[in-house]
Amino acid sequence: MAAMQFRQAIVNALADEMRSDPTVMLFGEDVAEAEGPFKTSEGLLTEFGPVRVRDTPISEMGFTGAAVGAAILGAKPVVEIMFIEFLGVALDQVVTEAAKMRYLSNGKLSVPMVVRASCGSGLGFGSQHSQTLENWFTATPGLKLIMLSDAQSAYTLTRAAIQDPDPVVILEPRILYAKRGEVDKDLKLKIGQARIMQPGSDITIVSSGQMVDVCKEAIAESGVSAELIDLATIVPWDRKTVLDSVKKTGRLVVVEEAPLSGGWGSEIVATATSALFGELKAAPFRITAPDIPVPYSGPLETRYIPTKEDVARQLKEVMTTGKTPKTWWEMEGLK
Amino acid sequence: MAAMQFRQAIVNALADEMRSDPTVMLFGEDVAEAEGPFKTSEGLLTEFGPVRVRDTPISEMGFTGAAVGAAILGAKPVVEIMFIEFLGVALDQVVTEAAKMRYLSNGKLSVPMVVRASCGSGLGFGSQHSQTLENWFTATPGLKLIMLSDAQSAYTLTRAAIQDPDPVVILEPRILYAKRGEVDKDLKLKIGQARIMQPGSDITIVSSGQMVDVCKEAIAESGVSAELIDLATIVPWDRKTVLDSVKKTGRLVVVEEAPLSGGWGSEIVATATSALFGELKAAPFRITAPDIPVPYSGPLETRYIPTKEDVARQLKEVMTTGKTPKTWWEMEGLK
Amino acid sequence: MSAQLERRKAVQTDEVAGYERMLEIREFENQINGLFAAGLIRGTTHLCLGQEALDIAIAAELRPSDTVMATYRGHGVALALGLTPESVLGEIMGKTNGCCGGVGGSMHLADMSVGLLPTSAIVGGGIPIAAGAALAYQLLGQDNVGVAIFGDGATNIGAFHEGLNLAAIWNLPAIFICDNNVYGEYSRIDKTTPLEDLHMRAESYKMPHYAVDGMDVAATRKGIKEAVDRARSGGGPTLIEAKTYRFAGHSRADKALYRPEGELEKWQERDPIKLTEEGLVKRGLLDAAKIEKMRADMTKTIEGVVATCQAAPSPTVASMFENVFTS
Amino acid sequence: MSAQLERRKAVQTDEVAGYERMLEIREFENQINGLFAAGLIRGTTHLCLGQEALDIAIAAELRPSDTVMATYRGHGVALALGLTPESVLGEIMGKTNGCCGGVGGSMHLADMSVGLLPTSAIVGGGIPIAAGAALAYQLLGQDNVGVAIFGDGATNIGAFHEGLNLAAIWNLPAIFICDNNVYGEYSRIDKTTPLEDLHMRAESYKMPHYAVDGMDVAATRKGIKEAVDRARSGGGPTLIEAKTYRFAGHSRADKALYRPEGELEKWQERDPIKLTEEGLVKRGLLDAAKIEKMRADMTKTIEGVVATCQAAPSPTVASMFENVFTS
Ligand SMILES: Cc1ncc(C[n+]2csc(CCOP(=O)(O)OP(=O)(O)O)c2C)c(N)n1
Ligand SMILES: Cc1ncc(C[n+]2csc(CCOP(=O)(O)OP(=O)(O)O)c2C)c(N)n1
Ligand SMILES: [Mg+2]
Ligand SMILES: [Mg+2]
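Residue numbers (this note's numbering), protein chains in the order written: chain A, 3 to 337; chain B, 3 to 337; chain C, 85 to 411; chain D, 85 to 411.
Because the hints were derived from the structure by calculation, they are not lab data. The C-beta atom is built at its ideal place from N, Cα and C for all residues, glycine as well. Just so you know, not all the hints are guaranteed correct.
[Said to hold, decoys possible] Derived DSSO-like pairs (lysine-lysine); straight-line CA-CA distance at most 30 Å:
1. B:K192 x A:K337
2. B:K181 x B:K218
3. A:K41 x A:K181
4. D:K339 x A:K41
5. B:K325 x A:K328
6. A:K325 x B:K218
7. B:K181 x A:K249
8. B:K325 x A:K242
9. C:K290 x D:K275
10. B:K328 x A:K325
11. B:K337 x A:K192
12. D:K339 x A:K181
13. A:K249 x B:K110
14. B:K41 x A:K249
15. B:K218 x A:K318
16. A:K242 x A:K187
17. D:K290 x C:K350
18. B:K242 x A:K337
19. A:K283 x B:K250
20. C:K358 x A:K110
21. A:K242 x B:K110
22. A:K242 x B:K318
23. C:K339 x B:K41
24. A:K328 x B:K192
25. C:K339 x B:K181
26. A:K318 x B:K283
27. B:K250 x A:K325
28. B:K110 x A:K337
29. D:K93 x B:K110
30. A:K250 x B:K249
31. C:K93 x C:K309
32. A:K250 x B:K110
33. C:K358 x C:K384
34. A:K325 x B:K242
35. B:K328 x A:K192
36. A:K337 x B:K250
37. B:K187 x A:K328
[To be verified] Chain B regions said to be covered by chain A (calculated; three or more residues, Cβ under 8 Å):
38. 70-84
39. 97-103
40. 141-149
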């Protein structure tokens, strides 16, 4: 066990994989000489040299596509997309090419590539640089999608993704880069496996990314006995862990950073409802951001994503009333 | 009232809008001289000339972006994306630029552009040309998303989209282009308004696109008194019509063409569950395609999307057992 | 040696076999046309009639260990690289004997044993992927090359620009082959592109570039060989523009009525099969009788393939659930 | 006349006012740097120190009815076009007096009354949008022009290629201004781009193109004027490469330690403010005393603006729910 920053956990994962597998390579904008815009590739150029660690032109379509080809032909490329929004100019290569290659080759080839991208709000980057955008990937058979939530998941799941034979997109909540946490390098955590972060008996909270810590604080503040699950892998998600927990608690809330509409949370709620209807003590529901672009101004951005106060309020409310709580903006008559 | 093909309804809508508003223009690959790969712009170049109706280079990013700029500066551009997958090389312009322009200008400008794209399976176009991909757009505040289902909605909603001051994406199920239907040019149908296609008392079916007709046949085959709703606008969707119907019937099934994971159907199920939990007689559930790429071979593609037989089976099953029916692939032990 | 590798070796070592393969492609494409018209194939298809020289030249100059990323207009290159007519037609008909077991279709042919990646149905999509194959070779120290084949229209899409720039700056062993068949769908290239000699666009990346006569196998081979030699020896990428012509319409339904009068006929005078035939006759490697027999045999062979594929089973429903993920 | 239009008119009609505006931009950017360091602004910011000549030249040669699509490095062009320092700083500080009411931030400045579209934070994203503005002008028969400003690094992204090709083939009244400040983030342009004179890429689109000395207001104005005249008179688009240099780091945190020794100093010898000052002094339009007073006044003015913006209210929570849709 060692304490390190989230970004250092990523550096460690990349370095350990590069040490153990000479076909692993990393490229992206300013990942080599500058060691990454968020310092997630510190020391890698020095240790692994310019053939394996490369700066790219500003060409997301070009270098993401190059990763697809390189992965098929025997490399294990990791590409860094500085902000997840930039895949808007290159989604084709991930969703329409990489994810379908195995299927279209009748199982004869694999695409062991990893796309890492920073995501999320909270740092004043404005509406084109603050989204999570899981929805771009969630309906793509052939593609795996991970959302990191702390140094441990950063280390373990980044390694797992590089070892995975299929294309994997990893979302890294930007706000966590500097946050420290314990990392057990030997911990076993697979892609597709959710993490029970805190046991509880009365309600299951499914969350991911930067919302996991918010939920922890909200649970403490509310006093509710909530079982907190970090979904970790959004696709394919861990039905068993989630449904087992909901069976036990009888209640479910999903806490998401994304806007209400179109988020992965609806998938969890819909699946749990269809599967466990008779065993539910209350309606499963979601706590999310409102359906608006991410605002820039500090006081607004702070309110944009679910706050610990609001999550705590809703936890207490569902426990006492059994009803789906209103959103904060409904309560305040906004929108 | 006049009977016409779905594609002719689109031609009519475009022509009528171009007649009544000289700022409406149309561009895309082979929409002018060739009158559209799917003949959805028949006669438009002849009537409106080469300034308003233009062929583009194969540059989806270029011409979709041009539509954003033109829309802001006083044109009403309609761009045709031949297959919705091609927005994978240009999603940026729709999601990250167009949808946020109004917000970022503090309400001072509008982006009255329309992106029309053919979508869907059933014609043997293979896995890169057969998806619906609503999920690329559903978590984008500022963007409206329409799925056409027949000649009437094609005519009325295409006109409504062109008149709309905000960016609108219209999905046109390719398999319907040749299908005939009645069109009442004076019918009022707004963006954001669902269509009750058939009243019923025992279960609410929410569907869209090419699945609407499949549901009609399934209802007839099953004998269940189902209320069939064509959602028509996927974002922002008509909560009132859907929830009122579910309140009445107490049951909900969403029938979608897309794979199970990540579809808009989960949004409907999650919202209805959270809102109407106590009034539900059975768990809301979804009937969708499985989580696989669209296969090419005829006998496989035919099974890929929900069939009328399978929808009928599930309707009967939920009415008799009250339980969520298994998917056909679960029943057949596949996957 | 597998059937595919033997077929590949033939076009690499024997010019008459190369000629025969061109006949095969021609016959194959004509049959496809008929099968579509008869409603025996669904979906869409993009024929390469008139472009056989380019396909053969590519197959002849590359090794099976090189990687080719081609497009939906891929029947010819697949056959040239060594895929059997049965595995290509089987795929087009969605049968289990198809090279992808029937789940891919006409636009997605693949056989890695001769270097063919699943062809892409996204214009320009394969260009960065071919650069990526070259990147893997560079990383692994292999002297293979990555090749992208794409159309004239594809030079207007961003992926072309980004793929070439990346290959240039990384000095990748890549070859970009623009098959300029004068049309992108129904649009003549001069309607969408202000430049006539598309290979000149390589100037933006300081990349070597030139045009070749895409109707002439020898000339095309020479151009490709130069690029292959450069790539294998660490000299970096090349853009080659093969000047060809699409004898058929863009896809299934297209009658190509938009072509200026006489244009097709002018190009047909330089039909690559005719040119090759003339050359081989002149050099005494073929004569009229042999040609007639080869043509007749080929017609029979392809008819046999059609019969085989029609009789071949469709994939089971279970098979569409396979190969989504590796695990 | 609004404050913005008056400010715009000044730089269009009066060279000394243009000089003063350059001082304003310089002072403004220096203040921003300080406010960030002091933790008084959040998020990120991209300064245009050293590139003031280009911004002024653009503002001087364009009409307020022309449209400019710029980037996250947009403070300077916003001030030059006529936005008040208060509305720009207010936006950067997320206050209600900002040009977008505080919801946009440093990367998203806008004021359509002087032709500034919301600047884009996506590299290359604005290039096709500017072409689209030009398209609207062509459709509506207006003689305005659409202008995209973007960096050297942006010439490697697909949107650049597609936007220029489209503008060329449609003969749009568009101007593409590449602000070549030698770096894209932390990468020197020669590390990512095989070509030195980026404007040469216009050859791919048969588009007129040339470089201008981006440190020299008059030279830059001349180059822009030529393009504006061509565009307004139906002559189509132009690519201009302004050779400039980024005096500061890429963004907030960047100390730019990757720069070769002496490079910054070499460029600072041609500091656009110094060059302009010298020219105006030589022509008797300025003298040392006036300059000193102008500089001192400007420092005071901007300090006043900072105070105003610090005191300005933050937007209400309700306001972030507005302007998502028009209806
Ligand atoms: C990104 C994208 N846009 C549009 C299409 C539709 N489309 C398929 S083929 C084609 C024409 C391509 O022309 P060209 O590159 O010259 O190749 P050719 O078909 O002539 O071989 C188009 C526009 C596509 N498949 N992908
Ligand atoms: C599509 C995209 N990729 C990457 C980025 C991250 N990014 C922001 S600015 C920048 C450098 C741009 O360099 P250049 O075009 O030279 O403009 P400059 O910053 O020098 O003005 C990069 C890579 C982005 N905003 N958008
Ligand atoms: Mg072509
Ligand atoms: Mg730069």
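| Is K325 of chain B within 30 Å of K242 of chain A, Cα to Cα? | 19 Å, holds
| Given the proposed pairing of K181 of chain B with K218 of chain B, does the C-alpha separation stay at or below 30 Å? | 15 Å, holds
| said: What's the verdict on K249 of chain A and K110 of chain B, does the C-alpha distance respect the 30 Å limit or exceed it? | reply: 50 Å, violated
| task | For the pair supplied as a hint, K290 of chain C and K275 of chain D, confirm whether the alpha-carbon distance does not exceed 30 Å. | result | 13 Å, holds
| Given the proposed pairing of K41 of chain A with K181 of chain A, does the C-alpha separation stay at or below 30 Å? | Cα-Cα ~13 Å, so holds.
| query | Does K187 of chain A lie within 30 Å of K242 of chain A when you go C-alpha to C-alpha? | reply | 25 Å, holds
| query | Is the hinted pair K93 of chain D and K110 of chain B satisfied, with a Cα-Cα distance of at most 30 Å? | reply | With a Cα-Cα distance of about 22 Å, the restraint between K93 of chain D and K110 of chain B holds, given a limit of 30 Å.
| Given the hinted pair K339 of chain C and K181 of chain B, is their alpha-carbon gap at most 30 Å? | 23 Å, holds
| field | Proposed proximity, K283 of chain B with K318 of chain A (alpha carbon, max 30 Å) | value | Holds: K318 of chain A and K283 of chain B sit about 27 Å apart, inside 30 Å.
| Taking 30 Å as the top limit, are the C-alpha atoms of K290 of chain D and K350 of chain C close enough? | 28 Å, holds
| said: What's the verdict on K325 of chain A and K218 of chain B, does the C-alpha distance respect the 30 Å limit or exceed it? | reply: 35 Å, violated
| query | Taken at face value, is the distance from the CA of K192 of chain A to the CA of K328 of chain B at most 30 Å? | reply | 28 Å, holds
Hint violations for this structure: numbers 6, 7, 13, 14, 15, 20, 21, 32, 37 and 38, all remaining hints satisfied.
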